[in-house]
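Protein chains in written order, with the working numbering: chain A, 1 to 118; chain B, 1 to 109.
No wet-lab data here; the hints were simulated from the structure. One or more hints might be untrue.
[What the hints assert, rightly or not] Ranges between beta-carbon positions, derived for each pair: (1) Ile-12/A x Leu-51/B: 23 to 33 Å; (2) Glu-56/B x Leu-118/A: 44 to 54 Å; (3) Thr-8/B x Lys-64/A: 28 to 38 Å; (4) Ser-5/A x Gln-2/B: 24 to 34 Å; (5) Gly-28/B x Asn-51/A: 26 to 36 Å; (6) Glu-55/B x Arg-114/A: 32 to 42 Å; (7) Ser-65/B x Asp-65/A: 34 to 44 Å; (8) Thr-57/A x Pro-7/B: 27 to 37 Å; (9) Gly-15/B x Gly-61/A: 21 to 31 Å; (10) Arg-66/B x Lys-42/A: 37 to 47 Å; (11) Lys-81/B x Ser-5/A: 42 to 52 Å.
Don't be surprised by glycine CBs; every beta carbon is placed ideally from N, CA and C.
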Amino acid sequence: GAVVSQHPSRVICKSGTSVKIECRSLDFQATTMFWYRQFPKKSLMLMATSNEGSKATYEQGVEKDKFLINHASLTLSTLTVTSAHPEDSSFYICSARAPGTFSTDTQYFGPGTRLTVL
Amino acid sequence: GQNIDQPTEMTATEGAIVQINCTYQTSGFNGLFWYQQHAGEAPTFLSYNVLDGLEEKGRFSSFLSRSKGYSYLLLKELQMKDSASYLCAVRERGFKTIFGAGTRLFVKA
């Protein structure tokens with residue numbers, strides 16, 4: 001099946017620094033990627049939808065200047081958490097949609113990135 | 001508005017059957033998914049329903065009633081490894097998917 005990778009899997013950073021998380025589709029081209037965050041014992045919250053070659057669409061309440069998303073190619077999307085603060089500590093998960101599919105599960109999830117801001 | 005409701009926690013015994021319910025109210029409907037998620041891991045796909053009725057896949061079955069905005073996931077012959085969170089998710093028009101808060105299932109011996 002389709003594989004999506006994320007890097008890094010875990011990152012610890014100091015407050016005020018920026019952190020970049022990469023999401024790659026390894027064996028297919030993803031026209032659309034989604035970024036979610038998940039707090040402990042909570043469900044996934046969609047942050048933004050990233051389309052290759054265009055600006056990301058952010059969900060209500062998500063600061064686009066704080067969570068920078070770039071989808072420069074059909075296999076790579078990046079999420080940069082700028083000026084990170086402890087409240088940004090979370091589990092960030094990306095998913096990718098393979099073009100040309102519509103039925104069943106067309107979203108393939110990455111393994112997630114655990115961000116801890118000290 | 002958007003709302004997906006499912007029980008917070010459930011406990012069942014190994015070998016038994018458990019049904020996890022999900023009700024939803026969304027601005028659009030383009031299919032309902034069930035995912036399994038173990039702690040610290042990404043969700044894994046279990047089932048997909050877009051038409052009313054029951055979809056069976058091995059020990060797992062999922063049911064959908066679009067008119068009632070209702071779905072359930074049925075797990076048979078429970079195993080200890082089935083202890084996990086089960087997420088109900090609705091795909092709205094396009095590919096935007098909204099997730100419920102998840103049901104944590106505890107399987108006891």
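Status of the hints after comparison with the structure:
1. With their beta carbons about 46 Å apart, Ile-12/A and Leu-51/B fall outside the hinted range of 23 to 33 Å.
2. Checked against the given bound of 44 to 54 Å, the beta carbons of Glu-56/B and Leu-118/A, roughly 48 Å apart, stay inside it.
3. At roughly 32 Å, the beta-carbon separation of Thr-8/B and Lys-64/A lies within the given 28 to 38 Å, and the hint holds.
4. Checking the proposed 24 to 34 Å range against Ser-5/A and Gln-2/B shows it holds: the Cβ atoms sit about 30 Å from each other.
5. Checked against the hint of 26 to 36 Å, the C-beta distance between Gly-28/B and Asn-51/A comes to roughly 19 Å, which is inconsistent with it.
6. For the pair Glu-55/B and Arg-114/A, the supplied restraint of 32 to 42 Å holds, since their beta-carbon distance comes to about 33 Å.
7. Roughly 42 Å separates the CB atoms of Ser-65/B and Asp-65/A, a value that falls within the hinted 34 to 44 Å.
8. Between Thr-57/A and Pro-7/B the CB atoms are about 32 Å apart, so this pair conforms to the stated range of 27 to 37 Å.
9. Distance hint check for Gly-15/B and Gly-61/A: the Cβ-Cβ separation is about 44 Å, which falls outside the suggested range of 21 to 31 Å.
10. Here the CB-CB span from Arg-66/B to Lys-42/A is close to 27 Å, at odds with the stated 37 to 47 Å.
11. Taking the beta carbon of each, Lys-81/B and Ser-5/A are about 24 Å apart, not inside 42 to 52 Å as hinted.
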